[in-house]
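Enquirer: Here is how the chains run, residue by residue.
There are 2 protein chains.
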Amino acid sequence: MQGETTDANDERAGEKTKRRQFLDRRKFMAATGMLAGLSITGQGVGAQEMEEDDSELERGSTAFLEERYPGLRIYSPDPENAEAAVRDTYTSYITPREEHYIRNHYLSPEIDEDEWEIELRLEEGSTSLTMDEIRRDFSTESVAHTMQCSGNGRSFFEPEVAGNPWTFGAVGNTIWTGTPMSEVLEAYGADTGDGKWLMVAGGDVPDEESDVFARSIPMQKVVEDCLLAYEMNGQPLSAEHGFPVRMLVPGWMGNNNVKWVAEMEVMDGMMIGEEWERYTRWQHSSYRILAEGQDPQENERIDIFDTRDAMDAEAAGEIDWQPYIYDQTVKSIIGYPGQEATVTPRSSDGNVEVIGVAWAGDDQVEAVEVSTDGGDNWEEAEFFGPDLGPFGWRQFRYLWDAEPGEYFVVSRATDERGRTQPREISDPEDGLRTIQDDQFPWEAGGYLCNAYEPHGVDVTIQ
Amino acid sequence: MQGETTDANDERAGEKTKRRQFLDRRKFMAATGMLAGLSITGQGVGAQEMEEDDSELERGSTAFLEERYPGLRIYSPDPENAEAAVRDTYTSYITPREEHYIRNHYLSPEIDEDEWEIELRLEEGSTSLTMDEIRRDFSTESVAHTMQCSGNGRSFFEPEVAGNPWTFGAVGNTIWTGTPMSEVLEAYGADTGDGKWLMVAGGDVPDEESDVFARSIPMQKVVEDCLLAYEMNGQPLSAEHGFPVRMLVPGWMGNNNVKWVAEMEVMDGMMIGEEWERYTRWQHSSYRILAEGQDPQENERIDIFDTRDAMDAEAAGEIDWQPYIYDQTVKSIIGYPGQEATVTPRSSDGNVEVIGVAWAGDDQVEAVEVSTDGGDNWEEAEFFGPDLGPFGWRQFRYLWDAEPGEYFVVSRATDERGRTQPREISDPEDGLRTIQDDQFPWEAGGYLCNAYEPHGVDVTIQ
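If you read the protein sequences in the order shown, they are chains D and E. Per UniProt numbering, the first sequence starts with residue 1, numbered consecutively. Per UniProt numbering, the second sequence starts with residue 1, numbered consecutively.
To be clear, the hints were calculated from the coordinates, so they are not data collected in a lab. Possibly wrong hints are sitting among the right ones.
As the list claims (entries may be wrong) - Selected chain D positions facing chain E (Cβ under 10 Å, derived; list incomplete): (1) V143; (2) A187; (3) E231; (4) S348; (5) V352; (6) F384; (7) G389; (8) L399; (9) P404; (10) Y407.
Unchecked claim - Taking CB as the label site, the calculated pair distances span: (11) D:E115 with E:D438: 47 to 57 Å; (12) E:E224 with D:G189: 52 to 62 Å; (13) D:Q294 with E:E110: 41 to 51 Å; (14) E:E224 with D:G374: 37 to 47 Å; (15) D:G374 with E:E300: 37 to 47 Å.
Just so it is clear, CB atoms sit at the ideal spot from N, CA and C, and this is done for glycine as well.
Excised from the complex, chain D in its bound form (with noise of 0.2 Å):
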């Protein structure tokens, strides 16, 4: 799949799957003037989801996934990899579960609550954990946590890069519930003082052999902000979503946001060595920003954590290693109107109206600009909808008096730090290791991208 992956990839699936349905509904709201011959009868086409029991496809099949999740375009069932398939999910606040992007490194292990335990390890020794005492021995927090796949707008690379081809759709927002990490850790008397770490590990590995899903996450964020989560949206995770538990990281990019959580260690530093030779693969190798060819190096301590800032200091030479995938970069998308739209300026203004989302990770988002040309002429966006604070996305809207013609319209987003979204991915050959010039730099892993160029719409105005 390439950059110009777009929309018009909708159009490959043949038969009339509930996917398709749900997707031809979508396309039908989104596009004005172009009313599908569809006859809609009077219940939501949201209102397909998952079911539990009923089902007699097969658990890692594509057609089990379409079925339980119409609103994603699906990479791959085993494991399950898919993103939002249309842009109409960029403009609610909030992400229903079934257009909330999957990217599994394992097919999701079938879990009993019950008989589920999370193995806690303290210098003092080791505790298990159950999920009742989870949900009733600790407090109960709520946040609002836009959650985004760090590889999301990887297939915009070139020359291409490994990995699933996300385009626009691997990011979400949920309000997440769950326990505060900081109680666990307290009540069993662990040292959770600035400098140690948490290792989470994810109970999907298929075998021994296997690696194992694991994050080393520095502990001033385990104790600001983690949750042990278990609902989203006020229902139970779903079980590719990491039922019955997953780690929480407000702000952070999805890889930290440990799904099925079955270990955790306080540590002194980063899991490293011999020791955790099946633990380090994604902490140390995988999620790491790297030039081409470049072996990463470990580390047992770093003291960035925010990924941008990393990346400006390894340009900058100020640090020796490669930044790891934390906090998020400030991005914007699009909602409305869709890739290849044709829309008609309404009547009650002759404007068309922009809608999208934007958000910053840890950082508040200060500002939207909209540009429908490609980016020479900015304008300024307004924010609408609720405001659940830094980790939140916020649905931004711009009033659009738009003349017949064809159009490239994108989206910018600035930060509470005045960081802005570059225009474009630079070539490799440029050796570009931070976001500078207007650029967002390649490199191997096709992480963390928030250029808009890649990330605009054309659209064609009647």
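With chain D's structure known, arrange chain E on it following the hints.
Expert: Same frame as chain D, now just chain E:
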């Protein structure tokens, strides 16, 4: 069903329906130390949701509604009337669609969105609004709104009053998206000055003999923040919640939020008289605060829309009309522990965490207190989770240092105007007409009940 209606009613159902499984699961999650022997697979039971086209069950049947809304306790399937079945709904910020109450006067109409039109009548003549126009010709707005049936809590009235025997569950908190009414009216040159009114009628009337469900809403509220809403938590409305479009009146009781909007008319006052005969039942008769046997006075105009203010004014003899049901009264609901739950203090600190939600209609809720002795002694609860302004509920928690024993736990909220929930519902013979002396007035409709005592929970501490 009597005032003592409790979660124990859940025990009635026999067959292993989806709703049954859902309730089992929710009970499991709610009951500390009482692990049922269920084998729960990896997939969250919240995943059980509505199917669009696979159901072979008949619309209007209990089985049909149970399948679509496994989180609800059903009072009638035709028309659909159902409330949240278990207390757990009131621990979360967001109410999932399948836990959001339904209160319909007729069976939900099956509507083809392509064909749907709203007739908008102005002094200058009529026009028709298509769904496409509503979605795309005007701005998009999102708002968090706690919608409550005005009869929620009705079953606690003694002597019994007529109507659906709502206990605590006819309220939900949702993020709604739609078109600002102000833009629609302005686009067509409507007079939107103070003193004008908007008549809004639903498209659910089954025949020409039946009364039309309609409301007269004061224009100042209409233009301030009302929406023509087509989305609920990022998904199209479901049929039972008003697909394709409903009136959204932030902060006001559910009856104002007319579903399947079919007609709107800008008027000089409320609909009244022979001309509006089929339209006035719910406006002038049903949704009023009445003493037993009292015939409500029909009015062409009123100027108090805060229902509590109107109750006060009528009680003081300052107005000669009976309050209409508009703005909500301040209220709170305990979500955990559930009614008749047996819980164990948490090992971390010996406390039990009492969790709930509180809201105040048009006004911000300012404080919540919790009493574990039925209201003799009070402790302040703290808010947690997202704050979306006056129209969305706030989650609260209170850490209860609980000794073993049996307790009656209640909560009461206070709004920014200093109005607090009263203790109990008065006897009819007291003739009380507003909230005073810590009592909520008994009245014939069983509306607006925010007395805390009937909403309390019996809890056993192990």
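Enquirer: Hint by hint, say whether it matches the structure.
Expert: Now for the hints, and whether the structure bears them out:
1. V143: For V143 of chain D, the interface hint holds, since the closest Cβ of chain E sits about 7 Å away, which is under 10 Å.
2. A187: Holds. Min distance 4 Å.
3. E231: holds (6 Å)
4. S348: Cβ of S348 of chain D sits 4 Å from chain E, so the hint holds.
5. V352: Result: holds, 9 Å to nearest chain E Cβ.
6. F384: F384 of chain D check passes; min Cβ-Cβ to chain E is 6 Å, inside 10 Å.
7. G389: This hint holds: G389 of chain D lies near chain E, its Cβ roughly 8 Å from the closest one there, short of 10 Å.
8. L399: holds (8 Å)
9. P404: It is violated, given that the least Cβ distance between P404 of chain D and chain E is near 16 Å, above 10 Å.
10. Y407: This interface hint is violated because 17 Å lies over the 10 Å limit.
11. D:E115 with E:D438: 47 to 57 Å: Holds - the Cβ-Cβ distance for E115 of chain D and D438 of chain E, about 49 Å, lies within 47 to 57 Å.
12. E:E224 with D:G189: 52 to 62 Å: holds (53 Å)
13. D:Q294 with E:E110: 41 to 51 Å: violated (60 Å)
14. E:E224 with D:G374: 37 to 47 Å: Since the Cβ atoms of E224 of chain E and G374 of chain D sit about 39 Å apart, the hinted range of 37 to 47 Å holds.
15. D:G374 with E:E300: 37 to 47 Å: This hint is violated: roughly 57 Å between Cβ atoms.
Hints 9, 10, 13 and 15 from the earlier list are contradicted by this structure; the remaining hints agree with it.
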